[in-house]
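Enquirer: Fit chains B and C to the supplied structure of chain A, relying on the hints for placement.
Residues per chain, in single letters:
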Amino acid sequence: MTTVTKKDPVFVVVQLSGGNDFMNTLVPYSNHRYYDNRKFLNIAPEDVLPLDNTLGWHPEMAPFKELYDRGMVAVVQGIGYPDSNRSHFRGMDIMHTCTPHEVSTIGWLGTVIEQMDPGKENPLTGVNFGVGLPRAMSKAGVPVTSVSNLDEYGLMSGLAAEDQRDKALKIFKDMYAQAIGSGPVMDYLSRTGSDVITGADMIKVAPEQYESTVEYGDSQIAKSLRDVARVHTADLGTRIFYTQQGGYDTHANQLPSQPGLFRDLSRAVNDFFADLEEHDADDNVVMLIFSEFGRRIADNGSGTDHGSGGGAYLVGKPVVGGLYSEYPSLEPDKWAKGEDLEHTIDFRGIYGTILEQWLGLEASPIVYGNFEQIHPFKNS
Amino acid sequence: MTTTSIPYDLLRSGFPYYMTLGQRRVTTAPVDIGFGKENIYVLTKGGLGTQIRVLNWEDENLGVRGGTDLFQWPAGLLVDEEENLYVSDEAKDCLVIMNKDGEHIQTWGESGSDEGQLNRPSSLAFDLEGNIFISDTMNHRIQKFTRDGKFLQSIGEMGTGDGQFDMPWGISVDQLGNLYVADWRNDRVQKFDESGNFVFSLGSSGSEKGQFKRPTAVTVDNHGDIYVSDAENDRVQLFNKDLKYIQSFHGNATLSPSGQQYILANAVTLRLRSMADFEKTQRLDAPMMVKVDDEFRLFILDYGNHRIQIYKKDAVELSKEQIAPEMRNPILFTT
Amino acid sequence: MSSNDLKLKAHLLRRAGFGASPKELDQVSDKSYEDIVEDLLHPDRAEEINMDYIKRYNPELRYPDTHPLHAGFWIWRMINTKKPLEEKIALFWHHVFATAWYKGEHTPSQIEQIETFRRNGLSNIKQILNDLAKDPAMNYWLDNCENHSDQPNENWGRELLELFSMGVGNYTEEDIKQASRAFTGWTFEQPLPLYPYGNYETKFVFDESDHDFGEKTFLGRTGDFNGEDIIDIICEERATALFICRHLYNFFVEDEPQIPAWSIEPPRNPEAIDQMIDVLMSNDGEMVPLLRFVFNSEFFKDSMYKKVKNPCELIAGTLKLTGTYGIMPKQGEEVGKLYGIGSVMGQALMNPPTVEGWHTGHEWIDGGTLNERVNFAVNQFNDMSVPGLSDIISRLGDRVKASELLDKCLDIIGPFELGKQAYDALSEYAEAVGDLDLTNEASIEQNNEYIARMVQLILSTREYQFA
Numbered sequence: 001m002t003t004v005t006k007k008d009p010v011f012v013v014v015q016l017s018g019g020n021d022f023m024n025t026l027v028p029y030s031n032h033r034y035y036d037n038r039k040f041l042n043i044a045p046e047d048v049l050p051l052d053n054t055l056g057w058h059p060e061m062a063p064f065k066e067l068y069d070r071g072m073v074a075v076v077q078g079i080g081y082p083d084s085n086r087s088h089f090r091g092m093d094i095m096h097t098c099t100p101h102e103v104s105t106i107g108w109l110g111t112v113i114e115q116m117d118p119g120k121e122n123p124l125t126g127v128n129f130g131v132g133l134p135r136a137m138s139k140a141g142v143p144v145t146s147v148s149n150l151d152e153y154g155l156m157s158g159l160a161a162e163d164q165r166d167k168a169l170k171i172f173k174d175m176y177a178q179a180i181g182s183g184p185v186m187d188y189l190s191r192t193g194s195d196v197i198t199g200a201d202m203i204k205v206a207p208e209q210y211e212s213t214v215e216y217g218d219s220q221i222a223k224s225l226r227d228v229a230r231v232h233t234a235d236l237g238t239r240i241f242y243t244q245q246g247g248y249d250t251h252a253n254q255l256p257s258q259p260g261l262f263r264d265l266s267r268a269v270n271d272f273f274a275d276l277e278e279h280d281a282d283d284n285v286v287m288l289i290f291s292e293f294g295r296r297i298a299d300n301g302s303g304t305d306h307g308s309g310g311g312a313y314l315v316g317k318p319v320v321g322g323l324y325s326e327y328p329s330l331e332p333d334k335w336a337k338g339e340d341l342e343h344t345i346d347f348r349g350i351y352g353t354i355l356e357q358w359l360g361l362e363a364s365p366i367v368y369g370n371f372e373q374i375h376p377f378k379n380s
Numbered sequence: 001m002t003t004t005s006i007p008y009d010l011l012r013s014g015f016p017y018y019m020t021l022g023q024r025r026v027t028t029a030p031v032d033i034g035f036g037k038e039n040i041y042v043l044t045k046g047g048l049g050t051q052i053r054v055l056n057w058e059d060e061n062l063g064v065r066g067g068t069d070l071f072q073w074p075a076g077l078l079v080d081e082e083e084n085l086y087v088s089d090e091a092k093d094c095l096v097i098m099n100k101d102g103e104h105i106q107t108w109g110e111s112g113s114d115e116g117q118l119n120r121p122s123s124l125a126f127d128l129e130g131n132i133f134i135s136d137t138m139n140h141r142i143q144k145f146t147r148d149g150k151f152l153q154s155i156g157e158m159g160t161g162d163g164q165f166d167m168p169w170g171i172s173v174d175q176l177g178n179l180y181v182a183d184w185r186n187d188r189v190q191k192f193d194e195s196g197n198f199v200f201s202l203g204s205s206g207s208e209k210g211q212f213k214r215p216t217a218v219t220v221d222n223h224g225d226i227y228v229s230d231a232e233n234d235r236v237q238l239f240n241k242d243l244k245y246i247q248s249f250h251g252n253a254t255l256s257p258s259g260q261q262y263i264l265a266n267a268v269t270l271r272l273r274s275m276a277d278f279e280k281t282q283r284l285d286a287p288m289m290v291k292v293d294d295e296f297r298l299f300i301l302d303y304g305n306h307r308i309q310i311y312k313k314d315a316v317e318l319s320k321e322q323i324a325p326e327m328r329n330p331i332l333f334t335t
Numbered sequence: 001m002s003s004n005d006l007k008l009k010a011h012l013l014r015r016a017g018f019g020a021s022p023k024e025l026d027q028v029s030d031k032s033y034e035d036i037v038e039d040l041l042h043p044d045r046a047e048e049i050n051m052d053y054i055k056r057y058n059p060e061l062r063y064p065d066t067h068p069l070h071a072g073f074w075i076w077r078m079i080n081t082k083k084p085l086e087e088k089i090a091l092f093w094h095h096v097f098a099t100a101w102y103k104g105e106h107t108p109s110q111i112e113q114i115e116t117f118r119r120n121g122l123s124n125i126k127q128i129l130n131d132l133a134k135d136p137a138m139n140y141w142l143d144n145c146e147n148h149s150d151q152p153n154e155n156w157g158r159e160l161l162e163l164f165s166m167g168v169g170n171y172t173e174e175d176i177k178q179a180s181r182a183f184t185g186w187t188f189e190q191p192l193p194l195y196p197y198g199n200y201e202t203k204f205v206f207d208e209s210d211h212d213f214g215e216k217t218f219l220g221r222t223g224d225f226n227g228e229d230i231i232d233i234i235c236e237e238r239a240t241a242l243f244i245c246r247h248l249y250n251f252f253v254e255d256e257p258q259i260p261a262w263s264i265e266p267p268r269n270p271e272a273i274d275q276m277i278d279v280l281m282s283n284d285g286e287m288v289p290l291l292r293f294v295f296n297s298e299f300f301k302d303s304m305y306k307k308v309k310n311p312c313e314l315i316a317g318t319l320k321l322t323g324t325y326g327i328m329p330k331q332g333e334e335v336g337k338l339y340g341i342g343s344v345m346g347q348a349l350m351n352p353p354t355v356e357g358w359h360t361g362h363e364w365i366d367g368g369t370l371n372e373r374v375n376f377a378v379n380q381f382n383d384m385s386v387p388g389l390s391d392i393i394s395r396l397g398d399r400v401k402a403s404e405l406l407d408k409c410l411d412i413i414g415p416f417e418l419g420k421q422a423y424d425a426l427s428e429y430a431e432a433v434g435d436l437d438l439t440n441e442a443s444i445e446q447n448n449e450y451i452a453r454m455v456q457l458i459l460s461t462r463e464y465q466f467a
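Chains as they are written, first to last, in my numbering: chain A, 1 to 380; chain B, 1 to 335; chain C, 1 to 467.
Just so you know, the hints here were simulated from the structure itself, not pulled from any lab data. What you are looking at is a predicted structure, and each value in this text was computed from that prediction instead of being measured. Hints are not guaranteed to be accurate.
[Claimed, not checked] Derived pair list, reagent style DMTMM-like, types lysine to aspartate or glutamate, alpha-carbon separation capped at 20 Å:
hint : chain 1 : residue 1 : chain 2 : residue 2
1    : A       : Lys378    : A       : Glu356
2    : B       : Lys209    : B       : Asp242
3    : A       : Lys167    : A       : Asp187
4    : A       : Lys173    : C       : Glu417
5    : C       : Lys23     : C       : Asp35
6    : C       : Lys55     : B       : Glu279
7    : A       : Lys170    : C       : Asp35
8    : C       : Lys55     : B       : Asp93
9    : C       : Lys420    : A       : Asp187
10   : A       : Lys170    : C       : Glu431
11   : C       : Lys301    : C       : Asp224
12   : A       : Lys378    : A       : Asp69
13   : C       : Lys55     : B       : Glu58
14   : C       : Lys306    : A       : Asp187
15   : A       : Lys39     : B       : Glu58
16   : B       : Lys320    : B       : Glu58
17   : A       : Lys170    : C       : Glu208
18   : C       : Lys203    : B       : Asp93
Pulled out of the complex, with its shape left as it was, chain A reads as follows (with noise of 0.2 Å):
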């Protein structure tokens, strides 16, 4: 059955933290520059998941390959920055305002969720499953709702008891009440307590609705795109998630840790996908899938030091799958610095992709200019 839907687009995002090895997550296994270059941290031909005569997966991204195989992913291969000085703050910081050659405090996405509700109605317009908002989702006056744990979440919730907690939030509503003659600023303290307690009492429910048969493994990733499912499925009206997985910073140890972190991905994205199936809730939402930056070409013994061109992943049903863009050269003449991937494509071209191609807004006020988009999505 084909359903056409009016729902509103739904974006979220996965940020891998760290700067993830783009390198060894699709592998150019036929190159010998690669094998050249990574001569302890390269996966051989015969353990690649060939993509194509060329490119393949790591071995530990088989769940993940599986979406790419029905045609549910676009890999934007090479995504980047100018003048990248490495730093993953400075990077993530880039990433998040879309302004490489000075400081900001805009998220774009604070932006997208200010356009999205300009009257501030829905406090859960924009979630984030984390502790502490990232800079991409704040701007000043724009309320966005953080959660570190769903089932947990909202004042008083560190009391155990459930009857102790709702005591709690009853007195805690009276003390907040808006009183004549008390001030602005505590006038302002009223209505930010007043709308803390509205979004809890909203997201409470998505924990109590939810159903589903997925079962979703036990990793961290995997937990925060089961709570993005919850609130997605319950209709609260959230139109911009964002989650991220730590632990891609891998200078020392990255033989044995990327894969594990790879394997805690690539199951928690399908079961994610598989999840919303099941509600028929995947119609209209795309994810994003990207790391600060990439990692160098050459390993150091042991792992891999801060880079600059990467891959990013635009996942979901309404994306049309394959590659984007071109693989970075591993042609020492044309490496940045001498000793890094040149990234093919600007990652704010990407966003406005997004913005333009899937949120319906315009990009230019966003990303500040206007950069060189792909056509990832059906009908588009």
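Expert: Leaving out everything else, chains B and C in the frame of chain A:
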């Protein structure tokens, strides 16, 4: 050279630098070290990795054992003849035992101050029978247990007198079964015989030769030489068996093999290193642990620099006949 | 009810420090307000913190590597210091001269900068700006290491005038260019890189060969100016005194409009600012006379609860009440966590969002940060074994009538006043709890829970968000 009896004296040729092991993110913040037949086990603690890192003598990273699911504040590491790994946990008052592959075997120990209970256990040492001494730091005593946790003996109590402690930390046992304790907040080292009787106290507070500022560990080699990691003074001091100060180690680090490989793979790091003050790279920063092996290699855990500095003693063992008798006064004339 | 005198002392300690535990308030009960001010202004009178135990159990503090740990350690110092104004003034200058770790990712220079603020924060403006101009973290943050005689970089010169001393509108673009020339060749020694063995410190270097020795004209004065000369001239300007005093007023007295608005919005209390400027200028830019004037002034004493607490004040103040994160860390207690707590409340210490620093006042509060602030304070008293709770209980006496419970608790943990809504809601709670007999062994646990809950509710009020 394995010695069963302590030589009469030594001709000290020197103590040349031997090699460096480890680097940041591999041996981040090393707190203790132990040796298997081929493997080197380095216990690390902190935000960049609370675990046992396994290296070989080529400084290759062979992975990790244990981790925060087994211990929270690991402090001491012991490796037995089968390469089982014993780790004390200062946060949870217990001893965690794993096999060489990191599989959990047993955890024992309970919090408290009664006999056999623990309060922030830190350094570990085997006695000659293979029982385990534990530096029971916040109970200000050293306790001895069998390997599976049966209490055997307790030495010391809170105080500043002979045989008393204020937060004892590093301990070790010499080849004759004597116990040495770095009496951390008393700025001294104490020795006890096999029955636990007080033998001597070495050092006082300060930064002069023979003085200590918060000594973290002590070890003794088969010549009876005593090495003390004098952490807040950023040095290791060496005393002979008669407690005479011999020399200090401030660090002479060369590049570890993995460090060299790292730098060679990073053009920018190479350049920055060549622009910087190179001399600083050699020095010790907060040496947390010191160990010697039967080959007279001295291992200093250069905690603040995430590496292990290794020296090797060059000395000739002397019999009583080879060296003139002790003299009461100095002499200017020699032939 | 507490005397007005005690309330004022508590107010002073909240503003010039990070609040006071009931015990700490006891310790100053015999001292006059004015004597407490003098003690605060003379940190050398107080003893140093014993750091043996914290370094023993958080040994990572021995190497300057991960900044969250050291930023958290700073909050630990705020909690434990006997020299509260030394830490508070360092935080003040950190707000004004906001330098973030994320650009240089060099923890040693970040630590050193804060140490400099601790050392010189109560000296004088000229000294403070000179030290700042030579500070490697600042130098890199604002690109002065790229300010060459043949290729000037104006970033530092611009922000020195705009954000660190005079404020926009008091100088020309040409003044910025000339000031920047005077700071050419002010750079720092290349530190050894982070890998393979961790961070190393660096220090200021004056590279004579890269300095522009030519004649400069700055704010109407002409000469072969070096950076020090520029700072001398800046410090003669009333605009500088105004700028510093507005910052000081906003930080210590009452929430002001935020910096971007300063060129259009006048100060809340222009008379107070004028008086402060006179004190600063007639004392050659010395900070101690200025702060003495402020703390003893009527406008300061009238400003009780007129400032939204910054996250550091909220965290340190609350942990002083619980008695946790003390001199001897509990097992498993790690100071790095304090950084994370501040971070989710919007104040990642040593990592401000931009060179403009944090926006303060009600801008600290949004839905997310209010949730964090309330839950943090409440959660600290979930653990019934925290020493601060038994201290509060012991101060309540043997028997507490329902009608007294709220007032007594407010006195002990403040002294503290609530608006009508909160007072009524909490009185209702106290009525529901009823009279407490704290000598009755059988009901100890239940009574302690009632009291802990009362404390938690007080800490979750709007009023508790104010200093």
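Enquirer: Next step is simple, just say for each hint if it's right about the structure.
Expert: Results for each hint:
A hinted pair counts as satisfied when its Cα atoms are at most 20 Å apart, and A/Lys378 with A/Glu356 qualifies at roughly 13 Å. At roughly 15 Å between alpha-carbon atoms, B/Lys209 and B/Asp242 fall within 20 Å of each other, so this suggested pair holds. Restraint check for A/Lys167 and A/Asp187: the C-alpha separation of about 23 Å exceeds 20 Å, so the hint is violated. Only pairs whose Cα atoms come within 20 Å are accepted, and A/Lys173 paired with C/Glu417 is accepted, the gap being roughly 19 Å.
This hinted pair checks out: C/Lys23 and C/Asp35 have alpha carbons roughly 18 Å apart, not beyond 20 Å. Between C/Lys55 and B/Glu279 the CA atoms are separated by roughly 27 Å; this puts the pair beyond 20 Å, and the hint is violated. As the CA atoms of A/Lys170 and C/Asp35 are separated by approximately 44 Å, the hinted pair breaks the 20 Å bound. Restraint check: the Cα-Cα separation between C/Lys55 and B/Asp93 comes to about 19 Å, which is no more than 20 Å; the hinted pair holds.
For the hint pairing C/Lys420 with A/Asp187, the CA-to-CA distance comes to about 14 Å; that is within 20 Å, so the pair holds. Between A/Lys170 and C/Glu431 the alpha-carbon distance is near 15 Å, which keeps this suggested pair within the 20 Å criterion. In summary, the hint linking C/Lys301 to C/Asp224 is not supported, as the alpha carbons are separated by about 47 Å, beyond the 20 Å threshold. A hinted pair counts as satisfied when its Cα atoms are at most 20 Å apart, and A/Lys378 with A/Asp69 qualifies at roughly 16 Å.
Our distance criterion of 20 Å between C-alpha atoms is broken by C/Lys55 and B/Glu58, whose separation comes to about 33 Å. Distance restraint check for C/Lys306 and A/Asp187: the Cα-Cα separation of roughly 14 Å lies within the 20 Å cut-off, and the hinted pair is therefore satisfied. For the given pair, A/Lys39 sits about 17 Å from B/Glu58 by alpha-carbon distance, which is consistent with the 20 Å threshold. Taken as a hint, the B/Lys320 and B/Glu58 pair is broken in the structure, with Cα atoms around 40 Å apart against an allowance of 20 Å.
Only pairs whose Cα atoms come within 20 Å are accepted, and A/Lys170 paired with C/Glu208 is rejected, the gap being roughly 68 Å. A distance of roughly 43 Å separates the Cα atoms of C/Lys203 and B/Asp93; the hinted pair therefore is violated under the 20 Å criterion.
In the structure shown, a violation is registered for the earlier hints numbered 3, 6, 7, 11, 13, 16, 17, 18, in ascending order.
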